[in-house]
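Colleague: This is what each chain is made of:
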Amino acid sequence: MSKRTIDFELATSGAGLDPRGASSRIPLTAGADVAPEEPDFGGEHLLINLGPQHPATHGVLRLVVELDGETVVRVIPHVGYLHSGFEKLGEYRHYNQIIPLTDRTDYLSPMANNVGMAMAAEKLMGIAITPRCTVLRVIACEMSRIISHMVWLGTTSIDLGAFTPFLWAFQERERIYNLQEMWTGARLTTSVTRVGGLMADVPDGFVEGLRHFVDTYPNTLNEIDRVLTRNAVWVGRTQGLGVLTADEAINYSLSGPMLRASGVPWDMRKDRPYLDYETYEFEVPVGSHGDVYDRYLVRLEECHQSNRILRQALDRLPDGPINVDDPRLILPPKSRAMSDMEAMIFHFKQVMEGVKAPVGEAYVGIENPKGELGNYFVSDGTAKPVRWRIRPPSFINLAAISKMAEGHLLSDLIAINASVDIVMGEVDR
Amino acid sequence: MNPSVDALRATFGSAIGRAQEVRGDTIVTVEPSRLLEVMRWLRDTPGERHEYLVDVTAVEYRDRERPLEVVYFLRSLERRADLRVKLELDPRGELTVDSVTPLWAGANWLEREVYDMFGIVFAGHPDLRRILMWETYAEGYPLRKDFPLRGRFSRAEQVRQALNANPEAHYSIEELSIAEAYDELPAEMRERLRRGQRGNIPESE
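Chains as they are written, first to last, in the numbering used here: chain A, 1 to 429; chain B, 1 to 205.
Don't read these hints as lab results, they were simulated from the structure. A virtual CB, placed ideally from N, CA and C, is assigned to each residue, including glycine. Any given hint could be a false lead.
Label pairs and their calculated CB-CB ranges [said to hold, decoys possible]:
{"#": "1", "chain 1": "B", "residue 1": "Arg-40", "chain 2": "A", "residue 2": "Thr-71", "range": "29 to 39 angstroms"}
{"#": "2", "chain 1": "A", "residue 1": "His-54", "chain 2": "B", "residue 2": "Ala-162", "range": "13 to 23 angstroms"}
{"#": "3", "chain 1": "B", "residue 1": "Pro-3", "chain 2": "A", "residue 2": "Ser-411", "range": "46 to 56 angstroms"}
{"#": "4", "chain 1": "A", "residue 1": "Asp-325", "chain 2": "B", "residue 2": "Arg-40", "range": "42 to 52 angstroms"}
All chains, full assembly: derive it from the sequences and hints.
Modeller: Printed below as a string of structure tokens:
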């Protein structure tokens, strides 16, 4: 029998009134003698399609979900809607021409991608970059980590119903974007590195601007911490969800905050130091439960630590050139290229022929906000790589979503999917 | 030279081919037929413990005489040591390799991507289907060197095929027990279904 009732007003007074004269609620099915029995849906599974156009899938991800009631039985992810063939394109481009492609993979942390790709090309060619360039690249990487984690925090809190942290997080991201724009002229497609150096030195006012950001940013983090970390709704919707043990996380090749939230203390910056990260003081937060809540805590703490690194990098930023002193690698200034014969030849050769890399291969993995971003170059001695492989951290992290989500509720699938921190430009490349 | 290489040679003998040190990384070539054995040994032996699979990919050289390579990046988290294992396949022969998914669940999508992009078949993979391209993609394997940058078909042909496609036919094998687009599927995928790899085949066949 249906238990639904409605407010019902009768035309004739008296009937349908309680003893005090107020109209009483009358069962909806009052007229029928026997209500039809509700069919039993037990055991029948429903297939629903989440995405590719769905705000909670963070891009063009399609999840086919098999449901038993509200419980997720199977999740079948479909990716590839944003496939652009970057790796194929890279085989047709000079090393410096590949850098703009890296902006468009993980477009939430473009500067860190630029750094990763340039480092792989430099390892292939055996180039040692200058001290100033090293520190500026650290600044680029840590700025990227902050904006990427801010976008993650904002979108995840929106997915779980908290609107305010989203606004705070995106405000902070906006401030970093302004600094990025100052430095590179672009907010998103930065292309800041070159093989052997940087596209440009930081402009006047950048260091002061970043220092102001570094001083004020922890306030926002503390506000977000205050509003979310002990919030009953946030805790209830994230704790105990999508748990992966340390062994499972390793078995699924997870990296970055996903791996560390499961209790594996692996951070490329500590364990495979590059860009002199071993000389900076910072901690690597490690979770213990491997659930969505721990991933949140790890990312929040990483923002604090990135801020610490940024402060140290600003303090030690040395003067000096940003590019290696090698005219075969670095374009001469335009004025010299137009007036000096030798500079013009180098300019011409670099633009028309590119920089030749020696035969061989090189892999460099760096700790990107999403995990270990690997760039693998294979060269046959020409100016274009034979193979350019990106090890995409969010692609590999996303592969574990079926394992994490099965057995949870559909609404929890949204939280679990958000906790992976995917960006489809990188998943599909 | 990396001590893992000597240990490998002592254990597997002639199955271990060339080993080289390139820019600080150790690269070992392994006989494809012994891959699973070698990988299990590398993962489980105390003192080796390469328990983390960083990446799986493939390389085809512009020089057609050179073999196609499948590359596995292994890492020991404890010892902070990396090892790169390579297989060499004759591009004119059968491109089949044993899947390492029984050892690492993370290899699932990585091997699917290599299959999708290079056409290398991973025997024993639980769900080997295309991942970045769609299931009915008919132009071949995009990262092979004989595949032109703009694809094999003209833009007009690509558009025509896209408009004529049945979106239902993009369902995966696993979803087919529920979606009924079996007849629209490519023959090769129907064949996989017939062999009983996942999902139920509709009775109408």
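Colleague: Now, for every hint given, state plainly whether the structure supports it.
Modeller: So, going through the hints one by one against the coordinates:
1. Distance hint check for Arg-40(B) and Thr-71(A): the Cβ-Cβ separation is about 36 angstroms, which falls inside the suggested range of 29 to 39 angstroms.
2. Taking 13 to 23 angstroms as the suggested C-beta distance range, the pair His-54(A) and Ala-162(B) conforms, at roughly 22 angstroms.
3. Distance hint check for Pro-3(B) and Ser-411(A): the Cβ-Cβ separation is about 51 angstroms, which falls inside the suggested range of 46 to 56 angstroms.
4. A hinted range of 42 to 52 angstroms for the beta carbons of Asp-325(A) and Arg-40(B) is consistent with their spacing of about 49 angstroms.
Consistency note: the structure conflicts with none of the earlier hints.
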